[in-house]
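Asker: Below are the chains, spelled out letter by letter.
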Amino acid sequence: MALMPKRVKFRKSQRGKIKGNASRGNTVAYGEYGLQSLDGGWLSAEVIEAGRITASHATRGEGKLFIRIFPHKSVTSIPLETRMGKGKGEPEFWAAVVKPGMLLYELGGVSEAAAKDALAKVAYKMPFRCRFVTRLPAVG
Amino acid sequence: MLVNTILKVDARTELGKKRVSRLRKGGKVPGVLYGHGQDPLSLVFDKKEFSTLLMGGTRVVDLARGNEVEKAVIRDVQFDHLGMEILHVDFARVSADERITVDVPVDVRGISPGVTSGGILEHLLHSLHVECLASAVPERIRLRVDELQKGQSIKVKDLKLPEGVRVVNDSEAVVVHIIEPKAAVVAVPAEGGTAEPEMVAKKKPVEDKKED
Chain S
11 MALMPKRVKF RKSQRGKIKG NASRGNTVAY GEYGLQSLDG GWLSAEVIEA GRITASHATR
71 GEGKLFIRIF PHKSVTSIPL ETRMGKGKGE PEFWAAVVKP GMLLYELGGV SEAAAKDALA
131 KVAYKMPFRC RFVTRLPAVG
Chain G
1273 MLVNTILKVD ARTELGKKRV SRLRKGGKVP GVLYGHGQDP LSLVFDKKEF STLLMGGTRV
1333 VDLARGNEVE KAVIRDVQFD HLGMEILHVD FARVSADERI TVDVPVDVRG ISPGVTSGGI
1393 LEHLLHSLHV ECLASAVPER IRLRVDELQK GQSIKVKDLK LPEGVRVVND SEAVVVHIIE
1453 PKAAVVAVPA EGGTAEPEMV AKKKPVEDKK ED
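Those protein sequence lines, which keep their order, are chains S and G.
All residue numbers for the first sequence refer to my numbering, where the first residue is 11 and numbers rise by one.
All residue numbers for the second sequence refer to my numbering, where the first residue is 1273 and numbers rise by one.
Careful: at least some of the hints might be erroneous.
[To be verified] Quick look at which bits of chain S chain G covers, simulated, 3 or more residues with Cβ under 8 Å:
#, stretch
1, 11 to 22
2, 28 to 36
3, 42 to 56
4, 70 to 84
[As the list claims (entries may be wrong)] Quick list of in silico lysine-lysine cross-link-like pairs, BS3-like style, CA-CA up to 27 Å:
#, chain 1, residue 1, chain 2, residue 2
5, S, 126, G, 1422
6, G, 1474, S, 19
7, G, 1474, S, 96
8, S, 74, G, 1429
[Unchecked claim] On the chain G side, residues computed to face chain S include the following (Cβ under 10 Å):
#, residue
9, 1346
10, 1348
11, 1349
12, 1373
13, 1390
14, 1393
15, 1474
Worth flagging that the hints you see were computed from the coordinates, not collected in a lab.
Even for Gly, the Cβ is constructed at its ideal location relative to N, Cα and C.
In isolation and in its complexed conformation, chain S is listed as follows:
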């Protein structure tokens, strides 16, 4: 089952605008390798699920996959052959708002070659350009 919020305050949300780059969630935090988006956009729950399945098939159940995004936003649409007006359409799907630089998936417990291979297959499913990233050096 694709990801979706359990409880919401409002069924429908406004479209909003994706401004700027990701200043949070843009570094590898849980695993060792990650898939970073280079563009912004909406990522539907179905695509997130497709990416998860692709990654788990590619790693053959080895390692651990972390999904760093969640579809909080409901996207509505008006049915075909409907006259304009009469209010906002019904929720069609749930989507995650992705900013350039956001980490989409992370992998841990696998070799770099295996992670690269798996995340390349996931990147093929994504609607925007992605790149493979590793952890930044620990400084502090």
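Let chain S serve as the given structure and place chain G on it in line with the hints.
Answerer: This is chain G only, laid out in the frame that chain S set:
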């Protein structure tokens, strides 16, 4: 440990967004040096030279400014939103005999029997906060998992540390453990169209029961 930790720096007179971005375009990185009760000093140095040191695991560098050499610890490195470009670096002055706290990466080596028998190696602590002499900061802490079975873990207290190094993290914190893989979740399509989340019930307005 790396032998060459010298970084050639110059005092920076270019301040402000525009001037600093011009520096970055020219392959330089702006930075600042502070600490030990002295005035902060704005610096500029070569990006390539600094990247080599940073990726090599160096945490304490010798900043060579003309004939003057100062020891400093890399306190903070700012990257751009993609983590590709170094935007700014903070250095804190230290002396060789001073004890400092730094983050040191944990390097997991070996193939554990728990993984070969179907377990998943979960690496929870990727870096440790350690206290040590500024002249003897370990590049990384090596951890061998050759004897780790399913369900077993290695905690901070189990780590073999170099002499004079003390971990600041909680001694009971788990660094790595091997867990059982979870059963794959099978996607079940929702019956009767798209499933909807539960609505948060709206609060009813409280009726005033004031008696006049």
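Asker: Compare the structure with each hint and give your call.
Answerer: For each hint, the structure was consulted:
1. Three residues within the 8 Å Cβ limit are the bar, and the stretch 11 to 22 of chain S against chain G gives 9, so the coverage statement holds.
2. For the stretch 28 to 36 of chain S, the assignment as covered by chain G holds, since 4 residues bring a beta-carbon within under 8 Å of that chain's beta-carbons and 3 suffice.
3. Against chain G, the stretch 42 to 56 of chain S contributes 3 residues with a C-beta closer than 8 Å to a partner C-beta. That satisfies the three-residue criterion, and the hint holds.
4. Counting residues of the stretch 70 to 84 of chain S whose C-beta lies closer than 8 Å to any C-beta of chain G gives 4; at least three are required, and the coverage claim holds.
5. Between residue 126/S and residue 1422/G, the direct Cα distance comes to roughly 26 Å. Compliance with the 27 Å bound is thereby established for this hinted pair.
6. A threshold of 27 Å between alpha carbons decides the hint, and for residue 1474/G with residue 19/S the separation of about 8 Å falls inside it, so the pair holds.
7. Taken as a hint, the residue 1474/G and residue 96/S pair is honoured in the structure, with Cα atoms around 25 Å apart against an allowance of 27 Å.
8. For the given pair, residue 74/S sits about 25 Å from residue 1429/G by alpha-carbon distance, which is consistent with the 27 Å threshold.
9. Against a cut-off of 10 Å between C-beta atoms, the interface hint on residue 1346/G holds, since the closest Cβ of chain S lies about 5 Å away.
10. Checking residue 1348/G against chain S by beta carbon gives a least distance of about 6 Å; that is within 10 Å, so the hint holds.
11. The interface hint given for residue 1349/G holds, since its Cβ lies 5 Å from the closest Cβ of chain S, which is under the 10 Å cut-off.
12. At its closest, the beta carbon of residue 1373/G sits 8 Å from a beta carbon of chain S; the interface hint therefore holds under the 10 Å criterion.
13. At about 8 Å, the closest approach between the beta carbon of residue 1390/G and any beta carbon in chain S falls short of 10 Å, and the interface hint on this residue holds.
14. Taking 10 Å as the C-beta cut-off, the interface hint given for residue 1393/G holds, the closest approach to chain S being about 5 Å.
15. Because the beta carbon of residue 1474/G sits about 9 Å from the nearest beta carbon in chain S, less than 10 Å, this interface hint is met.
Violation of the numbered hints given earlier is absent; every hint is satisfied by the structure.
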